[in-house]
Amino acid sequence: MRIFDPHIHMTSRTTDDYQRMHAAGVRAVVEPAFWLGQPRTNVGSFLDYFDALLGWEPHRAAQYGIRHHCALALNPKEANDPRCAEVLDELPRYLLKDSVVAVGEVGYDSMTAEEERAFEAQLALARANDLPVLVHTPHRDKAAGTRRTLDVVRDAGMPPERVLVDHLNELTVGMVADSGCWMGFSIYPDTKMDADRMVVLLKEYGTDRMLVNSAADWGRSDPLKTREVADAMLAAGFGEDDVDQVLWRNPVAFYGQSGRLSLEAGTEAAPDYAGNTIKRG
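The number in the working numbering is simply the position in the sequence shown, starting from 1, with 727 added.
These are calculated hints, taken from the structure and not from any lab test.
One thing to keep in mind: the hints can contain errors.
[To be verified] Calculated lysine to aspartate or glutamate pairs in the EDC-like style (CA-CA distance at most 16 Å, straight line):
1. Lys930 <-> Asp969
2. Lys804 <-> Asp778
3. Lys930 <-> Asp968
4. Lys930 <-> Asp958
5. Lys919 <-> Asp868
6. Lys930 <-> Glu897
7. Lys869 <-> Asp836
8. Lys930 <-> Glu967
9. Lys804 <-> Asp857
10. Lys824 <-> Asp778
11. Lys824 <-> Glu897
12. Lys919 <-> Glu847
[Claimed, not checked] Between beta-carbon pairs, the in silico distance windows are:
13. Asp958 <-> Gln984: 24 to 30 Å
14. Glu841 <-> Gly933: 36 to 42 Å
15. Asp971 <-> Glu888: 18 to 24 Å
16. Asp971 <-> Gly901: 23 to 29 Å
17. Arg987 <-> Asp882: 37 to 43 Å
18. Gln765 <-> Arg874: 29 to 35 Å
19. Asp816 <-> Thr839: 18 to 24 Å
Using N, Cα and C, we set each Cβ at its ideal position, and we do this for glycine too.
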């Protein structure tokens, strides 16, 4: 079984997680830029973070046979902080990097005017750089936030097939399915979606344009939730080809629109390193 996690925050995870993920079948990931929990107070902290997503994290993943790409953006939560506004001026040079396969996470957290301005600006950057977009839907007022998200995407002239609307559930999947955008689902231990509910939605809506992710980060989450969904699909009567479509071919098709997706490293066996692989001062 091969798995591509299209939304996971490996900066917050350990090398043990990479080992477990590889053993479960994960061979590729996309790490979107997000809020680190502690508010960032200046643009420089964002740039250091972006550099880590472009350099250090792909190196760390490759040691365990996993190909790492990223999506870069000013995330919705920090779009409300005026100290971070200049990130939008720095993004264009970062969006040229080879391992950047999308703009994201963009969208809404609290549905403020500042968030909407940043959302619209980054949709324009995506179009200018011919990149797909990963959209975060708010955790509160999710239905209203998702409707507004789809309105902004349409008004920006962003082709729906180049937009992945994430963190969906039973209340929001229908409107996104009707829009023509890709549908993303985050599988969590306690909140958002779980594997059994995901299987029900796959039975109702089919496997086209459906992506499943762990969105694992610094909170209570699990980087093996993608494998849990794959096993639940098989137990529910889905075939191996259905699982491969949802867990591999769909994320490849979506992020492949960037023209930058490269999966060679993700097909290699995990190396057996003895001792510490990184020299420390």
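Hint-by-hint comparison with the structure:
no. : hint                          : result
1   : Lys930 <-> Asp969             : holds (11 Å)
2   : Lys804 <-> Asp778             : violated (20 Å)
3   : Lys930 <-> Asp968             : holds (15 Å)
4   : Lys930 <-> Asp958             : holds (15 Å)
5   : Lys919 <-> Asp868             : holds (13 Å)
6   : Lys930 <-> Glu897             : holds (12 Å)
7   : Lys869 <-> Asp836             : holds (10 Å)
8   : Lys930 <-> Glu967             : holds (15 Å)
9   : Lys804 <-> Asp857             : violated (25 Å)
10  : Lys824 <-> Asp778             : holds (10 Å)
11  : Lys824 <-> Glu897             : violated (36 Å)
12  : Lys919 <-> Glu847             : violated (26 Å)
13  : Asp958 <-> Gln984: 24 to 30 Å : holds (29 Å)
14  : Glu841 <-> Gly933: 36 to 42 Å : holds (37 Å)
15  : Asp971 <-> Glu888: 18 to 24 Å : holds (21 Å)
16  : Asp971 <-> Gly901: 23 to 29 Å : holds (25 Å)
17  : Arg987 <-> Asp882: 37 to 43 Å : violated (27 Å)
18  : Gln765 <-> Arg874: 29 to 35 Å : holds (32 Å)
19  : Asp816 <-> Thr839: 18 to 24 Å : holds (20 Å)
Consistency with the previously given hints fails for numbers 2, 9, 11, 12 and 17, ordered from lowest to highest.
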